[in-house]
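S.K.: Here is what each chain is made of, one letter per residue.
Protein chains: 2
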Amino acid sequence: MWFGIIMAGGSGTRFWPLSRELYPKQFLSLDGGSSLLQGTIDRVVPLIPQERLWIMVGPKHEAETRRILRLAEREGLPARVFVEPQSRNTLTPLAVAAACLVRSDPDAVLAVLASDHLIAPQEKFLALLKQACTIAQEQDAILTFGVRPTRPETGFGYIEMGELIPDESKGIFSVFQVKNFVEKPDRERAERYITGKKHLWNSGMLVFRAQVFLEELRQYQPEFHKNLETYTETLKTESESRALADLYANAPLTSVDYGLLEKSRKVWTISTDLDWKDVGSWSALDEIAEKDEAGNIVRGNVVSFHNENCILYGDKRILATIGLKDLVVVDTDDATLVCHKDEAQKVREVVNELKSRNCIEAQEHRTTHRPWGHYTILDQGPNYKIKNVTVNPRSRLSYQMHLHRSEHWVVIAGTARITLEGQEIFLHVNQSIDIPKTTRHRIENPGKVPLVIIEVQNGEYLEEDDIIRFSDDYQRQTEENPTGSGTGEKA
Amino acid sequence: MWFGIIMAGGSGTRFWPLSRELYPKQFLSLDGGSSLLQGTIDRVVPLIPQERLWIMVGPKHEAETRRILRLAEREGLPARVFVEPQSRNTLTPLAVAAACLVRSDPDAVLAVLASDHLIAPQEKFLALLKQACTIAQEQDAILTFGVRPTRPETGFGYIEMGELIPDESKGIFSVFQVKNFVEKPDRERAERYITGKKHLWNSGMLVFRAQVFLEELRQYQPEFHKNLETYTETLKTESESRALADLYANAPLTSVDYGLLEKSRKVWTISTDLDWKDVGSWSALDEIAEKDEAGNIVRGNVVSFHNENCILYGDKRILATIGLKDLVVVDTDDATLVCHKDEAQKVREVVNELKSRNCIEAQEHRTTHRPWGHYTILDQGPNYKIKNVTVNPRSRLSYQMHLHRSEHWVVIAGTARITLEGQEIFLHVNQSIDIPKTTRHRIENPGKVPLVIIEVQNGEYLEEDDIIRFSDDYQRQTEENPTGSGTGEKA
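Chains A and B, in that order, are what the protein sequence lines are. Oh and the first sequence: position 176 is 177 in my numbering, straight run, nothing missing. Oh and the second sequence: position 78 is 79 in my numbering, straight run, nothing missing.
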């Protein structure tokens, strides 16, 4: 069977302040439609149904990934969200996925896709994917997807084509041996690649039979391959998650390109003229978004006079722009970026600076999503924090307790069922309740419309990690379930 | 006696979004110190004590003006805040002040000062003011303050000097007849004025004996002068405020320059090389504020890389700027401005656009000051509004009632004395109370530290004008005092 492996890591720096460490690029919509992750799933499901998709994420991105999957409300079994215990580049997650899948299906074919690329047209992509999967099914080959370059891009790696493989090139796309992988070239070399017609952009997409991949791994990463086998023996046992953590702790910190593809002799490339975009920075939006007559890309609450060739992203607040040229302005709830397009790469420096100052704005948005809904911090000061908490219909928070803060809730929309020390109370709009420190409590929305509560927290310590959970609908760590599979989030 | 008349009108457009219609330039600190209004008062009080200062304001600016006066905590009687019932340019308020003052002091000398200029050095200004007041006391002359130009400025009006008046020029500064007032010139003429040395900048400051001013008014604005006399007959009677409203309704919509000075033959000018600045736009900040090595003026929460010659004003949120040149960026709670310095005059267009869209951001800040403290809107949506309300020590709001909203209060700092339908209740941190619709209520801070309350409003109509006041410490309109001298504000 064919499986899709969607790589959804990311550090959230390049599109800051719209992206954050907890909210990287794949969660954004860059072209005004759905999120890039959702777009990736939509693109592949006509060929590979969602129950055969694995989405490889870090612990920090699990909740938002699950939220996006829920939003899609697709019928049938959901995609699998595979939570990597830590980030070890790309070789490790692919090896783990291959090793797991080959046990239930020795002939499993894996199609590896990035979660944050834009690809069009859909029909051509599906034809390409189908041809690649069909070849991989029958041949002992690892297929890379090479995109015919349209400009001397210095931001991508390249694949140097070798011999044509005539038998496999009878489909729409031609297939070649790979002669060489080339790192990001300088301008001059990139221009030679264009005229030489022997090089393709390395899109990062791959298709292979799991068995072939694992064989190559045994040959070129024997130590890691051995550890991988140790891990797969624990699958579906109690020690599985511990074994996975061990595997990752000792896994090579290398990319699949460097750690395997550049060594293997079984690597082919399928050549395509797909419209493929790995939008790498704010300024690269110019390639994909619609512009007004003056060349501006404008979204949100913007009042704009005499601007030229700008990217202007407003949010709720008013963003007024006058007489600007070649600028990126991105206004969010808690941070504003104003940046010359030529310097868009330096957004990374800003994020690093914020991290070194321990600024939460590098990591999170002011609104945080949870499996049960979301909350926004409205105000905070010494000993208090005010939140707008929205609970989705028929959802509830964990049954929990805080050591250092009391909470006071006022319902402003919907109906709440509150559990306080085992007692159930219904609260309607305009009603309120006090939750003293060290009392067990739960908010539930039993209704059909969102429940909105204003929460006033008081106490000497107001961080999210002051929480003791007694039970939880989302398998997060509780007193009864100390390891908690739904890691990485509180409340 | 000598009196100071401080003109504190203003529309709040030029320094938007830091200034607003309700918060014009004189309330801002442009040089990082106290507000321009406070600076104006500080500058004049060594010569004219504050109880002899009249601050001429519109109804919208009364509360903030009084707040600034309270903040100064000067000993002795306070300055008088004269609330003009409507804005009629500059002739009317000066005539009214002169007519009122002349009744108690027939020899009253008035020094007219703008509230939003920067002037240095202090000693020279005081010497100038003293010389002008001394002359005005003895001569039938209206003295303008002419500043010797240092550049061919096209944004100011000019005064053409006539004959020297030798007897009055024995002080530090020379005094001349005024030959002519010149409107803002074009660049070429402005350059000629510089080389010709016959022209001075018209600073707008004036000194005159009230009687002289009124005599000239009788001659050149006889109709208005008659109405003025009708009004002054009602002074200290019940009909005074009504008569003032009538006077303003029919007053000429003209400036003192155009309506009187250009006609009068008694106008002199006192020539000075004072460092006088009427900072007219964001870009003009370049003249007054301190810069870093790259020529940037930076304030607030700014992360800045590779910027040149920019004005970067952050607030609470993070403002990240990269690779900018010659830009003004001003970030506030509810609005952000990004503007090329050469286009700073066009901020006016933005404000007009916002007004035409009925955007509150043209008028108010998200934090609103009241005589008893201030409040900030944290969040609002259909049928709810959340405020952080801060009540100053020993202050209280009016005893009031709302028809369309209930309120729920949670104390997060300080101690509150709540009156609800005649009952008094103390609330401490962490305690809360419900205020149903149509119940009479009052919040008071009886303590020594600020009282901070989170207010959750619920109802079908949540504007500030849903208020019925029963009594008020600040003479605002109540059921018992339907006209209310403290106009223009709610709550």
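Keep in mind that a hint or two might mislead.
Stated by the list, open to error - Restricting the straight-line Cα-Cα distance to at most 27 Å, the calculated cross-link-like pairs of lysine-lysine (BS3-like) are:
id : chain 1 : residue 1 : chain 2 : residue 2
1  : A       : Lys342    : B       : Lys342
2  : B       : Lys326    : A       : Lys185
3  : B       : Lys278    : A       : Lys326
4  : B       : Lys131    : B       : Lys356
5  : A       : Lys347    : B       : Lys292
6  : B       : Lys131    : A       : Lys326
7  : A       : Lys317    : B       : Lys278
What the hints assert, rightly or not - Computed list of chain B residues with no C-beta within reach of chain A, every gap over 12 Å:
id : residue
8  : Asp32
9  : Val46
10 : Pro50
11 : Glu74
12 : Ile166
13 : Phe306
14 : Gly324
15 : Asp334
16 : Ala345
17 : Pro394
It should be emphasised that the hints constitute simulated quantities derived from the structure, not laboratory data. Yeah, the Cβ is synthetic: ideal placement off N, Cα and C, and Gly gets one too.
S.K.: Work down the list of hints and note, for each, if the structure agrees.
M.R.: Going down the list of hints, with the structure as the test:
1. A:Lys342 / B:Lys342: holds (19 Å)
2. B:Lys326 / A:Lys185: violated (31 Å)
3. B:Lys278 / A:Lys326: Roughly 31 Å separates the two Cα atoms, so the pair is violated.
4. B:Lys131 / B:Lys356: Status violated; Cα separation ~43 Å.
5. A:Lys347 / B:Lys292: Since the Cα atoms of Lys347 (chain A) and Lys292 (chain B) sit roughly 23 Å apart, the hinted pair holds (cutoff 27 Å).
6. B:Lys131 / A:Lys326: violated (51 Å)
7. A:Lys317 / B:Lys278: violated (36 Å)
8. Asp32: holds (24 Å)
9. Val46: Since the minimum Cβ distance to chain A is about 36 Å, Val46 (chain B) lies beyond 12 Å and the statement holds.
10. Pro50: holds (40 Å)
11. Glu74: For Glu74 (chain B), whose nearest Cβ neighbour in chain A is about 25 Å away, the distance exceeds 12 Å, so it holds.
12. Ile166: Check passes; 47 Å lies beyond 12 Å.
13. Phe306: Since the minimum Cβ distance to chain A is about 6 Å, Phe306 (chain B) lies within 12 Å and the statement is violated.
14. Gly324: violated (3 Å)
15. Asp334: The claim breaks: Asp334 (chain B) does not keep its Cβ more than 12 Å from every Cβ of chain A (closest is about 8 Å).
16. Ala345: violated (8 Å)
17. Pro394: holds (17 Å)
In summary, the structure is inconsistent with hints 2, 3, 4, 6, 7, 13, 14, 15 and 16 from the numbered list given earlier, while agreeing with the others.
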